[in-house]
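Chain by chain, the residues run as shown.
Number of protein chains: 2
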Amino acid sequence: MEFTERQARIVEIVKNSSPITGEQIAAKLDLTRATLRPDLTILTMAGVLEARPRVGYFYKEKKKTSPYMDRLRQLRVGDFKSLPISIRENISIYDAIVTMFTQNVGSLTVVGEGQTLRGMVSRKDLLKSTLGKTDLQQVPVSIIMTRMPNIIMTTADEPVLEAARKLTLHQIDTLPVVEAFIDEKGEERYEVIGRFTKTNVTKLFVQIGSLGAQS
Amino acid sequence: MEFTERQARIVEIVKNSSPITGEQIAAKLDLTRATLRPDLTILTMAGVLEARPRVGYFYKEKKKTSPYMDRLRQLRVGDFKSLPISIRENISIYDAIVTMFTQNVGSLTVVGEGQTLRGMVSRKDLLKSTLGKTDLQQVPVSIIMTRMPNIIMTTADEPVLEAARKLTLHQIDTLPVVEAFIDEKGEERYEVIGRFTKTNVTKLFVQIGSLGAQS
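Listed in order, the protein sequences are those of chains A and B.
If you count the first sequence from 1, position 100 lands on 100 in the UniProt record's numbering, and the numbers rise without skipping.
If you count the second sequence from 1, position 48 lands on 48 in the UniProt record's numbering, and the numbers rise without skipping.
No lab work stands behind these hints: they were computed from the structure.
Predicted model, so just to flag it, every value in this text is computed and none were measured.
Just so you know, not all the hints are guaranteed correct.
Copies of one chain are not kept apart here, so a pair can be met inside one copy or by any two copies together.
With a cut-off of at most 20 Å between alpha-carbon atoms, the simulated EDC-like pairs for lysine to aspartate or glutamate come out as follows [stated by the list, open to error]:
{"#": "1", "residue 1": "K203", "residue 2": "E2"}
{"#": "2", "residue 1": "K15", "residue 2": "E61"}
{"#": "3", "residue 1": "K185", "residue 2": "D30"}
{"#": "4", "residue 1": "K203", "residue 2": "E162"}
{"#": "5", "residue 1": "K203", "residue 2": "E5"}
{"#": "6", "residue 1": "K203", "residue 2": "E158"}
{"#": "7", "residue 1": "K15", "residue 2": "D30"}
{"#": "8", "residue 1": "K128", "residue 2": "E191"}
{"#": "9", "residue 1": "K15", "residue 2": "E89"}
{"#": "10", "residue 1": "K203", "residue 2": "D30"}
{"#": "11", "residue 1": "K15", "residue 2": "D135"}
{"#": "12", "residue 1": "K166", "residue 2": "D125"}
{"#": "13", "residue 1": "K166", "residue 2": "E2"}
{"#": "14", "residue 1": "K128", "residue 2": "D95"}
{"#": "15", "residue 1": "K166", "residue 2": "E61"}
{"#": "16", "residue 1": "K203", "residue 2": "E179"}
{"#": "17", "residue 1": "K166", "residue 2": "E179"}
{"#": "18", "residue 1": "K28", "residue 2": "D125"}
{"#": "19", "residue 1": "K15", "residue 2": "D125"}
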């Protein structure tokens, strides 16, 4: 279980003096109740704390695994990924930008024979290249792309939650979804089979929430 | 409650012939069980269907509002937003791009006096402007920014779920978080107090999921 520093302090306080109200926790931390609200909501939602109306918060000693959480962790990247949009590494930066607009995506995978992953280019990479004196029409995209082994990847089997964590941790918008294979020289290669983005996560979040709404 | 077309068909099938297994539903739809997995998981998670091991899926006639879902809908933009990064409309496109890199953000709010919202520029807008013959150092950002009334906004009070839906619906990465006020001419204006992005949604998704993991 991963807490932020503040969440860890809240849990400690509730452990040591439950039941305790939100106001009392806030006072101990020198914060307002409003500031604590999201942390208390998330800790309760996750089943770490229990909130009893007009009594206060309790620490849940024997936490049951929430079936909701279990199901959330069963979701796999392969079921929510988008199609990859790929280019070759010898095309110009200018043509890469044009491809991004015609395909309406925020990143491109750069591939060799057999859709083998060679690089990634993001909107950010392309935008940065326009700041210098680079001739966008002449310089190939291979000059500015992120290369192996610096590409953060995911697989169809990976839990959506893990892939989402990679996106936030590495501050990137897209993970290529790959399948590993061994080439004729015995080296590990990756075939690109999709892309997984913050947009996929946001859509999933909305879908889960919307379906829950009682109409 | 919002279903995708396929989810609506699944719900119809389960309504008419429950209990029914995943394989049987798949057969009726001419799809594989694997293809249906994410839909069945989400429908179960949302409390629309009930899955009983070795029996099959049931339609939940009397749906209880899930406390988990209730809490999810209580989360407000104001508790999860980021700080806004703002510029003036007379600065050059080039300087806007530089600001985006020095501040490490994917969008900028363009403001007038008193942080009044005048426009938005995204990485996509800036990248598009580099494709033409525009002199990036000379042309002000006001020429390419999205203007009122075309800016999609959110407020601190809005549920995170609604704001996330706006992001997916309008295919944008950032919503300015605003507070409306009436200026001295009696016109409605918006003060920028934050930004809410797909990154905020992804972080929240990860946080909810991570806290649920039993250690």
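Hints versus structure:
1. In the homo-oligomer, the alpha carbons of K203 and E2 lie at most 20 Å apart only across protomers (13 Å), although the nearest pairing inside one protomer, at 24 Å, exceeds that limit.
2. Proximity of K15 and E61 under a CA criterion of 20 Å is satisfied intra-copy only: 9 Å inside one chain copy versus 39 Å between copies.
3. In this homomeric assembly, K185 and D30 never come within 20 Å of each other (Cα to Cα): the closest approach is 62 Å inside a single copy and 41 Å across copies.
4. Proximity of K203 and E162 under a CA criterion of 20 Å is satisfied in both settings, with 16 Å inside one chain copy and 12 Å between copies.
5. In this assembly of identical chains, K203 and E5 lie within 20 Å of each other by CA distance solely across copies; the values are 16 Å between and 29 Å within a copy.
6. Taking identical chains as interchangeable, the C-alpha atoms of K203 and E158 lie at most 20 Å apart whether they share a chain (18 Å) or sit on different chains (18 Å).
7. Taking CA atoms no more than 20 Å apart as the test, K15 paired with D30 passes inside one copy only; the shortest distance there is 18 Å, against 53 Å between copies.
8. In this assembly of identical chains, the alpha carbons of K128 and E191 never lie at most 20 Å apart, being 27 Å within a copy and 30 Å across copies at closest.
9. In this assembly of identical chains, K15 and E89 lie within 20 Å of each other by CA distance neither inside one copy nor across copies; the values are 56 Å within and 52 Å between.
10. When the C-alpha separation of K203 and D30 is checked against a cutoff of 20 Å, the pair qualifies neither within a copy, at 37 Å, nor between copies, at 25 Å.
11. When the C-alpha separation of K15 and D135 is checked against a cutoff of 20 Å, the pair qualifies neither within a copy, at 62 Å, nor between copies, at 61 Å.
12. Proximity of K166 to D125 under the C-alpha cut-off of 20 Å is restricted to the intra-copy arrangement: shortest distance 19 Å within a copy versus 26 Å between copies.
13. Proximity of K166 and E2 under a CA criterion of 20 Å is satisfied intra-copy only: 15 Å inside one chain copy versus 29 Å between copies.
14. Within a single copy, K128 and D95 get their C-alpha atoms as close as 15 Å, and across copies as close as 12 Å, so both meet the 20 Å cut-off.
15. For the homomeric pair K166 and E61, neither the shortest alpha-carbon distance inside one copy (30 Å) nor that between copies (39 Å) is at most 20 Å.
16. With identical chains, the CA atoms of K203 and E179 are never at most 20 Å apart, being 24 Å at best within one copy and 26 Å at best between copies.
17. Only within a single protomer do K166 and E179 lie at most 20 Å apart by alpha-carbon distance; the minimum there is 17 Å, versus 33 Å between protomers.
18. Within a single copy, K28 and D125 get their C-alpha atoms no closer than 46 Å, and across copies no closer than 46 Å, so neither meets the 20 Å cut-off.
19. Neither within a single protomer nor between protomers do K15 and D125 lie at most 20 Å apart by alpha-carbon distance, with minima of 47 Å and 50 Å respectively.
Hint violations for this structure: numbers 3, 8, 9, 10, 11, 15, 16, 18, 19, all remaining hints satisfied.
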